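Chemist: The lines below spell out each chain.
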Amino acid sequence: MIRGVITRGVITSRRVSLALAAGFLALLYLGALGAGFLAPYGFDEQDREHTYAPPVRLRFRDGGGRLHLRPFLYIGVEKPGAPGVYEEDRARAFPVRFLVPAPPGRTGARVRLFGVEEPARIFLLGTDRFGRDQLSRLLYGARISLFSGLLAAGLAVALGLLAGAVAGFRGGWLDQVLMRTSELFLALPWLYLLLAVRAVLPLDLAPSGSFLLLVAVLGAVGWARPARLVRGAVLSARGRDYVLAAQGFGGSDGYVLRRHVLPQAVGVALTQLALLVPQYVLAEVAMSFLGLGVAEPVPSWGTMLAELERYDVLISYQWMLWPAVLLTGVVLSYHTLAEHIRERLQAGEV
Amino acid sequence: MPENRQPAEAVNPLEVRDLSVCYRGVHGEWAPVVEEIGFAIGPGEALGLLGESGCGKTTTALAIPGLLPANGRVVRGSVRLDGRELVGLSERQLEGVRGAGIGLVAQEPALALNPVIRVGEQVAEVVRVHRRLPWRRCREEAARALAEMGFADPGRIFASYPHQLSGGERQRVTIARALVCQPPVVIADEPTASLDTAVSVEILALLRDLVERHRLALLLISHDPRVLAAIAGRVVVMRAGRIVEQGPREEVFRQPRHPYTESLLRRLTPPTPTDGADPGSGEPLLLDVRGLRKTYTLRRPFGAKRAVDALAGVDLAVGASARLALVGRSGSGKSTLVRCLALLEEPDGGEIRLGGQDLVALPRRQRAAVRPGLQLVFQDPAAALNPRFSALDAVEEPMRLQKMEDRRQRALELMEQVGLPPALASRPVPRLSGGQKRRLLLARALATRPRVLFLDEPFTGLDLPLQTQIAALLLDLQASYRFALVLVSHDLDLAGSLAGEVAVLDGGRIVERAAPADLLRRPRHPASRELVDAARTLQGKMDGVVE
Amino acid sequence: MRYVASRLGYGLLLLLGVSILSFLLADLSPGDATAEMRLNPRISPGAVAALRVRYGLDRPLPVRYVRWLRSVASGELGWSVAFDAPVGPLLWRRAGNTLVLAVTAMILAWIVAVPAGVWAAARQGSWGDRLGLAASAVLLAVSELVLALLGLALAASTGLLPAGGMASLDYDALGGWGRARDLAAHLALPAVVLALSAFPVVHRHVRAAVAEALESPFVQAARGNGIPRRRLLWRHALPAAAKPLVSLLGLSIAGLLSGSVLVEVILSWPGLGPLLLQAILARDLHVVVGAILLSSVFLVLGNLVADLLLYWVDPRVRGT
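Residue numbers (the numbering used here), protein chains in the order written: chain L, 1 to 350; chain D, 1001 to 1547; chain U, 2001 to 2320.
Extracted from the complex, chain L is given alone in its bound form (with noise of 0.2 angstroms):
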């Protein structure tokens, strides 16, 4: 209910901000999945001699003022005694080439969908302190911040949805027992607890790991909402005189469950889903910030912006505050996603 509240009337021309919010998403985990043929670079590759690289700017008029059709770049060089502060070597221009070979041995696929002939470099969104192409990163980041969140919620509203109708249909000292427990959880706050969790399991993973851990811990700490929701529907629609209705002309217990109350279930489900995945991506982005989701290299929208925390670092070099831009424009569109489902909802109930 409070959930619900929240999200009421987020943008005004409901089409739209749908269409938006549902294309950014599908782009972003598009992204996320086809990384390796999408990034220039892989997670790792390191450049140092181009280390908080702003954005590469793209050229379509030469020196002598003419015009490609075909972008291209010069190298940046990073002035002697002034660390971080870049200019052109106008020498050589490099063309954007597109469906490039990736040289053996490195993360991605063996065709990348563009990039620039070595020694020049493409970092569109900049690099990092590494020299690391902050795209890259970003897309590859995606992987973890967001799939970690997707299924992290799933998880968690199975396990809602499961301990809810079995709380909801069988009642008596289950229902008391999942419901208790249920309090429990509840009655600390989120980040406190998803910490407790994690202060008791091992520090030290490898990244598929801690990727697999960070999810079954969001998943097992996040059941109770929803199993509370779902329990609540559940026991509402039992209590139906249609429920009766049908029990009094011979419908089983399943069909009831199947025909009557899981319908009504599935949607809380659902609404519960939209809210819990941009809530999940927070948390796993505040983990690996703060050091206890997925480790260097394997890069996070968290340990991307765990750099942010010398302050000297956002102020001098912007482009590294893209995940936070990412991350902002993910939970708003899955608000808008939860509001959508809600108002469905509602209109198709009364």
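There's no promise every hint is true.
[As the list claims (entries may be wrong)] Selected chain U positions facing chain L (in silico; Cβ < 8 angstroms):
| # | residue |
| --- | --- |
| 1 | Leu-2014 |
| 2 | Val-2138 |
| 3 | Ser-2143 |
| 4 | Leu-2262 |
| 5 | Leu-2285 |
| 6 | Val-2288 |
| 7 | Val-2297 |
| 8 | Val-2300 |
| 9 | Leu-2301 |
[Stated by the list, open to error] What the simulated footprint calls covered on chain U by chain D, stretch by stretch (three residues with Cβ under 8 angstroms from a Cβ of chain D suffice, anywhere in the stretch; the number is not a length):
| # | region |
| --- | --- |
| 10 | 2085 to 2098 |
| 11 | 2224 to 2235 |
| 12 | 2309 to 2317 |
Hints listed in this document are in silico derivations from the structure and should not be mistaken for laboratory results. In this text, all values refer to a predicted model and were calculated from it rather than measured experimentally. Cβ atoms here follow ideal geometry from the backbone N, Cα and C, with glycine treated the same way.
Keeping the supplied structure of chain L fixed, place chains D and U upon it in accordance with the hints.
Modeler: Here is chains D and U on its own, set in the frame of chain L:
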């Protein structure tokens, strides 16, 4: 405000002329809701406005003090309060009129008072905003107004919160609030709709008293002619936004000129009394209930358990083509009884014999096989139909569960028989009207060809003409489907007109059983007498006028 | 009063449950602080075993729980292996700091959000209302983490506010007034960041609750008797809408505590958050359990305060 009142005797306190109101729909089109209505109310006069729901009577009540919602607009006409034109006044000017010039008595006293403010304060507040007196004086005025409402202890009422008062007390408070600034005009929109009969009678008597004492011009709005008959001197009948008839009450009620008025006034015609089942008349016994009990345990958090006997040993015999009404106050156990009889709740003791077989003793599985033969038509159709279903789905469901043949065909036939055209078949349940949902419930209950049909308050929330239609439909259906009809109602009048026999429930027992006419004439048990009295008080006034 | 007593009893039960849960959690963990010592060749196995005995790690689980409960009762809350000191005193100061931050942020957020929400409810659909909604939707989507980072950069680049910590270096040399000003200057940034993250939730709830109350029959009935608009809004609608808002007050404490972890770490506010993080990295489990327990104490207390407020605000709660 009082100083705005003009002394001229010739001017009526309230004059409505040629008033038309439009509402804007979702697509921006304007639809007329009230068209060219006009009436006047003199001092000390009560005018009754009669009409079905949706006829525009509430819109009229809102339009007079300028309270139309944002999508409503007065498009034509005038409303004069003591000669002063109200249409076109600014919101601020209207705020001065409301409460001081026109008092409003709300429809739903349970909802009309702010739950977190003491009711005395809510009355005093009206004095404060209109007269700008010091709070102490305002409270004195409020206490005076409350004292006039016939409370035994106005002091307690003053300091109470709404939830601490009964429905009747709350309605008296809203009347006090409407009258505290002594407005010349009072509008009461269905002031008794949510109250039970005895309290309604008291409230109406109070209103009549106040009209006389303060020379009020009262506009009383109701769908129930009996309510108007109690106090209105003149009656206006509205239909579809227009006035179809108006005149002195006696004239309109005794010789309605318009056929619509006649249909509103026509009471349910009792069926021929002989075909009601008489337990001694040799008709085969279908349902035989003996010593049925049901106890609910109420459990409060941190409180002791409390056992409530909803049924304390009910004995009941129902013939195969009976038409039996179960009546009783709310809480007398009648809903529990039909739910137990329809096997939707498990009784704690006793026997329910259907054709000689005791259903209570049957194992679960066998009982489930009997259930489709005992159908309950639920009281609230909105709760008894899954909002995700279409009308056809709802009727088909029982047949699907019973694995019957030709479901679609039969469902459409059933819908037709209860008066639902096939065009409605695919319409989602939430988009049906109240009357249509009720018909759909009937169709669904008949789908399994039950031997007994139980109806829980089948007429609540329906207008009088609709009640008549549904009652006639029930009789038709009984004739063609041959089931025993058991009907639950709190309204003796209504139940008696349909049933061949009435059983009175009180405290979980059947205390009296008689033919409706006998019961009305000579109730033996105190509980029956109470019901009969309540029915008579309103009916008596009606009868006095009509017959 | 029975209501209050029952709420209090419920809170205590909840705390007991939380303590068992968190203690179990800590105990199920694969390694304790001595695990790494065991791997260290310079520490003899005997010394490790002695340490384990000293910290009571060799005793069965229920015994350890009871021992720990006893030390909770004495205010010690177990022994921190990393600091080699009782956990209690470590926590108290940090918890006080967190409380100062969270309460300040909460007051800030509510003081702005309530009038803004009421104002928006009275003018639903107007441009101002839509703008407010859009702004709060965006604010809702920005994580505390990002807000804190932006705040940090802003403070550092403008130099208007101290960019972290709780006190200046010369704090001890300042007089009473100077100390208060120094504290306020350090508090301003984290409190505003935290308040900004709490604001949209409160704003939206106030708006929705008051809007619903405005539609209710009793407000319409009061309007029918000439009560002017402003009075309807503040005297009738807002108090009637108080019930969900007071519950929100209790609930929002959880959000503030969670948010404060990140804000404290980024803006180096010496609260529970950084301590908890440090303890996790050092596997100092008694500190972790203590911090969790304290955070739930805050939460239970907050909800208790909300319940008391509700008791005071809503006669329906008192009446039955």
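Chemist: Now tell me if each hint is right for this structure.
Modeler: Structure-based check of all given hints:
At about 5 angstroms, the closest approach between the beta carbon of Leu-2014/U and any beta carbon in chain L falls short of 8 angstroms, and the interface hint on this residue holds. Hint on Val-2138/U holds. Least Cβ distance to chain L is approximately 7 angstroms, under the 8 angstroms limit. Restraint check, Ser-2143/U versus chain L: the minimum CB separation of about 5 angstroms is within 8 angstroms; hint holds. Given the 8 angstroms rule on beta carbons, the hint for Leu-2262/U holds: about 6 angstroms separates it from the nearest Cβ of chain L.
The interface hint given for Leu-2285/U is met, as the beta carbon of that residue sits about 7 angstroms from the closest beta carbon of chain L, less than 8 angstroms. Annotation: interface hint on Val-2288/U holds; nearest CB of chain L at approximately 5 angstroms, less than 8 angstroms. With a least beta-carbon distance of about 10 angstroms to chain L, the hint placing Val-2297/U at the interface is violated under the 8 angstroms criterion. At about 7 angstroms, the closest approach between the beta carbon of Val-2300/U and any beta carbon in chain L falls short of 8 angstroms, and the interface hint on this residue holds.
For the restraint placing Leu-2301/U at the interface with chain L, the shortest Cβ-Cβ distance is roughly 12 angstroms, beyond the 8 angstroms limit, so the hint is violated. Using a Cβ-Cβ cut-off of 8 angstroms, 0 residues of the region 2085 to 2098 of chain U lie near chain D, which falls short of the minimum of three, so the contact claim is violated. Coverage of the region 2224 to 2235 of chain U by chain D holds in this model, with 8 residues showing a Cβ closer than 8 angstroms to a Cβ of that chain against a need of three. Here's how the region 2309 to 2317 of chain U fares: 4 of its residues keep a CB closer than 8 angstroms to some CB of chain D, so the rule of at least three is met and the hint holds.
Hint compliance for this structure: hints 7, 9, 10 are broken, all remaining hints hold.
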